[in-house]
Amino acid sequence: MDKRMSIDEVVEAIPSGATVAIGGSSISRKPMALVRALARSDKRDLTVIVDVGGPDVDLLLGTGRVRRVIYAFVGFEVLGLAPHFRRARQQNLAEFEEWTEYTVMAGLDATIKRVPFMPTHATLGTDVLKVNRSFKEMQDPFGGETLVAVPALAPDVALIHVNYADVQGNGVILGDGHVDVLCAKAAQATYMSCERILSSAELQRFGRDVQILRVYSKGVVEIPWGAHPTGCAPDYRTDLRHLEDYLKAAQSEEGWRRYESEFVDVDHRQYLANHGGPEELVSRLKV
Amino acid sequence: MDKRMSIDEVVEAIPSGATVAIGGSSISRKPMALVRALARSDKRDLTVIVDVGGPDVDLLLGTGRVRRVIYAFVGFEVLGLAPHFRRARQQNLAEFEEWTEYTVMAGLDATIKRVPFMPTHATLGTDVLKVNRSFKEMQDPFGGETLVAVPALAPDVALIHVNYADVQGNGVILGDGHVDVLCAKAAQATYMSCERILSSAELQRFGRDVQILRVYSKGVVEIPWGAHPTGCAPDYRTDLRHLEDYLKAAQSEEGWRRYESEFVDVDHRQYLANHGGPEELVSRLKV
Amino acid sequence: MPLAPGFNIDEVVITAMARQLHGEVLVSSVTAFGSLAAHLAKRRYAPDLAVLSTPESGMDVTPMPTLTLGQFLTDVQQGIPLTMEDIFDAIFRDRFRIWINPSQIDQWGNTNITCIGDWYHPKVALVGARGIPEDTSHLSETFYYLLNHSLRSVVAQVDFRSGAGNGESRAFLGRFGAPTVLVTDLGVFSFDGPEGRMAVRSLHPGVTLEEVQERTGFPLAVPSGKIPETDPPSPEDIRIIREADPLEVRKLELMSGPEAAEKFVAIYERERQTFHATYPRVGKWGR
Amino acid sequence: MPLAPGFNIDEVVITAMARQLHGEVLVSSVTAFGSLAAHLAKRRYAPDLAVLSTPESGMDVTPMPTLTLGQFLTDVQQGIPLTMEDIFDAIFRDRFRIWINPSQIDQWGNTNITCIGDWYHPKVALVGARGIPEDTSHLSETFYYLLNHSLRSVVAQVDFRSGAGNGESRAFLGRFGAPTVLVTDLGVFSFDGPEGRMAVRSLHPGVTLEEVQERTGFPLAVPSGKIPETDPPSPEDIRIIREADPLEVRKLELMSGPEAAEKFVAIYERERQTFHATYPRVGKWGR
Chain W
1 MDKRMSIDEV
11 VEAIPSGATV
21 AIGGSSISRK
31 PMALVRALAR
41 SDKRDLTVIV
51 DVGGPDVDLL
61 LGTGRVRRVI
71 YAFVGFEVLG
81 LAPHFRRARQ
91 QNLAEFEEWT
101 EYTVMAGLDA
111 TIKRVPFMPT
121 HATLGTDVLK
131 VNRSFKEMQD
141 PFGGETLVAV
151 PALAPDVALI
161 HVNYADVQGN
171 GVILGDGHVD
181 VLCAKAAQAT
191 YMSCERILSS
201 AELQRFGRDV
211 QILRVYSKGV
221 VEIPWGAHPT
231 GCAPDYRTDL
241 RHLEDYLKAA
251 QSEEGWRRYE
261 SEFVDVDHRQ
271 YLANHGGPEE
281 LVSRLKV
Chain E
1 MDKRMSIDEV
11 VEAIPSGATV
21 AIGGSSISRK
31 PMALVRALAR
41 SDKRDLTVIV
51 DVGGPDVDLL
61 LGTGRVRRVI
71 YAFVGFEVLG
81 LAPHFRRARQ
91 QNLAEFEEWT
101 EYTVMAGLDA
111 TIKRVPFMPT
121 HATLGTDVLK
131 VNRSFKEMQD
141 PFGGETLVAV
151 PALAPDVALI
161 HVNYADVQGN
171 GVILGDGHVD
181 VLCAKAAQAT
191 YMSCERILSS
201 AELQRFGRDV
211 QILRVYSKGV
221 VEIPWGAHPT
231 GCAPDYRTDL
241 RHLEDYLKAA
251 QSEEGWRRYE
261 SEFVDVDHRQ
271 YLANHGGPEE
281 LVSRLKV
Chain F
1 MPLAPGFNID
11 EVVITAMARQ
21 LHGEVLVSSV
31 TAFGSLAAHL
41 AKRRYAPDLA
51 VLSTPESGMD
61 VTPMPTLTLG
71 QFLTDVQQGI
81 PLTMEDIFDA
91 IFRDRFRIWI
101 NPSQIDQWGN
111 TNITCIGDWY
121 HPKVALVGAR
131 GIPEDTSHLS
141 ETFYYLLNHS
151 LRSVVAQVDF
161 RSGAGNGESR
171 AFLGRFGAPT
181 VLVTDLGVFS
191 FDGPEGRMAV
201 RSLHPGVTLE
211 EVQERTGFPL
221 AVPSGKIPET
231 DPPSPEDIRI
241 IREADPLEVR
251 KLELMSGPEA
261 AEKFVAIYER
271 ERQTFHATYP
281 RVGKWGR
Chain B
1 MPLAPGFNID
11 EVVITAMARQ
21 LHGEVLVSSV
31 TAFGSLAAHL
41 AKRRYAPDLA
51 VLSTPESGMD
61 VTPMPTLTLG
71 QFLTDVQQGI
81 PLTMEDIFDA
91 IFRDRFRIWI
101 NPSQIDQWGN
111 TNITCIGDWY
121 HPKVALVGAR
131 GIPEDTSHLS
141 ETFYYLLNHS
151 LRSVVAQVDF
161 RSGAGNGESR
171 AFLGRFGAPT
181 VLVTDLGVFS
191 FDGPEGRMAV
201 RSLHPGVTLE
211 EVQERTGFPL
221 AVPSGKIPET
231 DPPSPEDIRI
241 IREADPLEVR
251 KLELMSGPEA
261 AEKFVAIYER
271 ERQTFHATYP
281 RVGKWGR
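Chains as they are written, first to last, in this note's numbering: chain W, 1 to 287; chain E, 1 to 287; chain F, 1 to 287; chain B, 1 to 287.
Excised from the complex, chain W in its bound form (with noise of 0.2 Å):
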C-alpha cells in the first residue's frame, strides 16, 4: 500500500464547502504547505476546525476560502493577534464559532467514539456558552447536575504535518502532539505531509512516538519544511522573521498581494527558494 500523493492532488481531493480540520497549534507544526496550496486554489466555502489556529486559519481567511471558523483560539502566540482572523472577526467577513481547547477536543472524541455528544463542565459560567450556538446545556441523568453537551465535530478532512511518515500513512510526531490524533482519528480522509518519508521498518523504531496510525490517514506528502513558516520540533523552530513580514503585509492591501504572489501563489520548491532555499532556512532554523 503505497498512499503518496502530490500536494496538488491533495487540494483536488477536498471540495468546496469541505469541513477541515487542521492540526499543530499556532506558530508550531501547521500544515502549512497543504494549507498555502489550499489557499491559492479556488475552493470556497470551507468550515475550518482548529484547537489552536495560527497562520494556517489566518491565510485561508485571508485568500477568501474559508466560510466558517470553529476555534478555541486564533492568534500569533508571541508576535500578537491574527490580521486577517481579526479583520474577518470585526468586519463579520465569515461565521465564527467561539469553542475551547477541551471542547474541541471533546467534540472530535465524540466523532470518534461515534456518540452525538460528550458532557463537561467547562464554559459554565462563562460567555462562551452565550455565544456558542452548538453546545447545550443539559442535565445528568443521574444526579440533575448541570452540564455542557458538546456536540460531535466531524471534520471530512484532516490535515496534519509530522516529521515522518512511511508510505502506509503511518506517522511519527517527535514534538508536542497538539490535536493531531484527534484529528486525524476523527476525518473522514487525513493527509499527512511529513519531513521525511522512512522505510516501514525505520518507522517502528520509535516506539510510542509513532502517534497517527495508518488506519486513519489516506494520503502523505513528503515535503521538507512543509511546516515552514511555523515550526517543526525537533527540526526546526519557528520563523519569527517570515511572521513578523506576514503581519507586516497583512497591514495594507498592496503589502498583502506582494506576499501572497511571493509566498502563497507558487509552489513549495518556489516557496523555499523565495527564503533563499534550504541552506539558507537551516543556518537560520534549524536548532
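Careful, some of the hints might be misleading.
Said to hold, decoys possible - Quick list of in silico lysine-lysine cross-link-like pairs, DSBU-like style, CA-CA up to 30 Å:
1) B:LYS263 - W:LYS248
2) W:LYS136 - E:LYS136
3) F:LYS123 - F:LYS251
4) W:LYS286 - B:LYS123
5) F:LYS263 - E:LYS248
6) B:LYS226 - W:LYS248
7) W:LYS218 - W:LYS3
8) F:LYS123 - E:LYS130
9) E:LYS136 - F:LYS123
10) W:LYS248 - B:LYS123
11) W:LYS286 - B:LYS251
To be clear, the hints were calculated from the coordinates, so they are not data collected in a lab.
Fit chains E, F and B to the given chain W structure using the hints.
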C-alpha cells in the same frame, strides 16, 4: 520527594470497605505481590474494579476480602475460568456487577474528567444493560438518540505494577498498557509496584513509555517479580505452571489451604523462595 | 471428521476465517485461530490488514500464536505499540476486526460468554462480556467462530446476550455491529436468513446438511439450490499456517482433558526457546 | 516605577507569582513570566512542582523562556512527554496550575482574552477563550497576572467572560475554578472581598493604595489595618531569575512599540546559539 513504601505500608493505607481498582489484564502485569498482601490482610468488604480481571480478583475472592466486584471479564485466558470467581458468582457469595471493557474505561474517565457519566452505544441490545443496575438509558440532548449513560467509577485506591519507576512516582510500562493509566488518574491514591527503581534521569530516557505521572502516584514499592504469577513483558512471561497449580488447588478446601499457606500467607521473599528462588524463575520465565 | 486428505479441520476453519478479512483495518490476535487467520489473510488475501500481535498492541508484526496472548512479541519483535484507547477508538471508528469465539451463539447471532443459566443464579459463571458489547454495537462486520458446533453451542436462544445479534437486539443499533459470519468446524454461516437469522453459506468438505442440522438448536435457513462446499485451503494456505504455528498452539483449541493438558505442557516448555530462536531482541531493547 | 534599588519590577512580580505555587502539580510554561515563576518556585519554594517546558509537555525539565513556547527544549533537553489529553486530565483532576495573563480582569475575577466590545461586533477581536473555561471550572486555584494594571485591564466588568470569576459565574460551578490571586505590576490581589470581589492583599514596594485605586475600574476591597508590602525578591530569587533567562525574554512582556521590536529581534537572533550552548542534544536524539 521520595514515595517509597513497603508492601505492608501500602496494605496499611487501604481501609476495609475501600474501592480498589486493579491494573493489568487477566494473566498480564497484575500487581500480584500487593494483591497477595491484601489477600492475607484482615481488610474486609472491598469493592474491586477491574477491566479484565484474573488471578487478582480470584485470589481476593478466595481469601474473603471482597464484598463487590465490578468487572468486564474475570478469567485465566487460555487456562480457562477463574475458580473462586465462578464459585462466588454461582453461590452468590459476593455482589457482582457486569460492565464491559470500554464502559469500565469510560467510567474511570468520567471520574478523571469530573463528569457524572459518559455516553456510549455499547451494551445497547445486550443483556449487560439489563443486569447492570448502574447504567441508565438516556436520550441524546441533540437528536434524541437512545444512548447508555455510564456512571463515573471513583476508586479510592489503584494498585498497579510497572517495569520501572522512580522514587517520585513516575512509572514506565514497556508491554501493553492495559487500563493502568486510567486507574492511576482516577484513583484518590495510586500505589505502584515496580520491577526496579531507576533514577529520575534514567527514567526520562524512556520517553512516551513513561506512562504513569508522579502527580497521580502516592506510593512506590520496588518488588522484583511483583507481577508473578502473571507476566510482566518484556521481563518475564506468565507462569502458567504456577497458575495450573493454583487452579488445581482451588478445587478442594484442603488444596486451597495448602496453597494459601505456601503462596499467600508468606512475605514476598518467602514466596519467591517457595518457587525455588529467583534463579529458578529466571530459567523458566525470562524470555 | 471426514475430510479430504492433505489438510486438517483447523486448516479448513482458519482458511475460511482468513478469507473473510479484507480492507485496511486492525485485526486483533486474541486466540490462536484468530491470530493465524489474520496472519494468513495478510499474506494471501488482504495485504492491507494491520495485524496486531496481542489483543491490544504490536501493530504490523507477524503474530505468533502463544499461550500468553502474544504479549512478549510486542517487545521482542518490533511493531507499533497501541493503547487500549486506540483499540476502542478503532472499534468505534470501524477500523477493527476480531474473530470472537463465543460459548453460545443463537439463530439471531446473539452471543454469550457470560454465563450458562440465569445471570443472577448461574449454573456456570463464565467470564463476562469483555468487549463484545462494543464490537456488536459499532463494527460493520462482526466475525464468530466455533470449533464444537453442537446443540450446546449453537442454540435457539442464548442464555445471556453478551453480544447483540439481529432481531430485537437491533432496536437501537441499526446495522452497527450486526453479525456477519460464523465459521464452525462444520461450515460457514451468514445471518441473512429470514429477519436476519442464521443461514448456511457453505459446508466443509464431507459435511452434510443433515449432520449440521442435527447439531444445531434451531432450523437453519438454507439457500435454494445446491449448498456450496467451503473452498478448501490451498497447499500455500496450509504451508503458511503450519509455518506460523510450529508449536501447534492452534491444536489446543480443538482438544480437551488430558490430551489438552499434555499438549499444553509441551508447548509451554518449548515456547520460550522458540521465542528466542525466532525473534531475536531487536525491539526497544536492541535500539 | 519607584522601586527599592537592587531589583526590577519583573523580578518583584515573578517572585510574588512563584510564592503562590505549592504542592505536587503540573505547572505549564506558556509565558516567560509563568515559566520563570514556575522555575523559581521549584528551586526555592515548592520543590515538588512538576514544571513543564511547553504549554503541554516536557515534564520535569528546567523551563527556559523562549519566543516559541519552549517547544525545542522538549526535544533538546529530556523531560517526560505529555499529551494534550494528559494536560486536560490534569486540569480536571486538579493536578495543574497555570499563570493566566488576561487582557481584562474584573472585580469578580472574570477574565477576558476573547474580544473588546460586543462578541458579535467586536471593536477588537482578540484570540479566543483557549483553555481558560476549563481552568476556571475545575482548578482549586487559578492564578492571574497583569503587567499593565490600568483602567483598561482591571475593569468593573469584562466585555466577555472567557474565564469564570466569582458572583453569578459561580451558579453551576461552586468553588471549582474560582479565582485565587492576581499579581500585577502594582500589587497582589485576592478574591475574598465582599461576595468574592477583588481585595488588596499587598502592594509592591513604593506603591500607594491611591495609585492602585486610580488605575482600577472599581472600588477595591481593602483589608483593615495597614496594607502589607509585597515581600521583595531576595538576592537568591533575583539570581535564579536572571540566570534562567539570560536573553531577557521576560522583558518583552513589559515593552511595546519599537523598543519591543528591537529587543525581539535581538533575542531571536541569539536564541538559537543559546539553545546550542545551554542544552546539548541529550534527548531522544542523543540516546
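Now for the hints, and whether the structure bears them out:
Taken as a hint, the LYS263 of chain B and LYS248 of chain W pair is honoured in the structure, with Cα atoms around 18 Å apart against an allowance of 30 Å. Of the supplied pair hints, the one linking LYS136 of chain W and LYS136 of chain E holds, its CA atoms being roughly 20 Å apart against a limit of 30 Å. Proximity of LYS123 of chain F to LYS251 of chain F is assessed by CA-CA distance (about 28 Å); at most 30 Å being required, the pair is judged to hold. Between the alpha carbons of LYS286 of chain W and LYS123 of chain B the distance comes to roughly 39 Å, so the proposed pair goes past 30 Å and is violated.
Of the supplied pair hints, the one linking LYS263 of chain F and LYS248 of chain E holds, its CA atoms being roughly 18 Å apart against a limit of 30 Å. For the proposed pair LYS226 of chain B and LYS248 of chain W, the alpha carbon gap of about 50 Å is over 30 Å, so the pair is violated. At roughly 6 Å between alpha-carbon atoms, LYS218 of chain W and LYS3 of chain W fall within 30 Å of each other, so this suggested pair holds. This hinted pair checks out: LYS123 of chain F and LYS130 of chain E have alpha carbons roughly 19 Å apart, not beyond 30 Å.
Among the hinted pairs, LYS136 of chain E with LYS123 of chain F is consistent with the structure: their alpha-carbon atoms are about 27 Å apart, no more than 30 Å. Annotation: proposed proximity of LYS248 of chain W to LYS123 of chain B holds, straight-line Cα distance about 21 Å (limit 30 Å). For the given pair, LYS286 of chain W sits about 25 Å from LYS251 of chain B by alpha-carbon distance, which is consistent with the 30 Å threshold.
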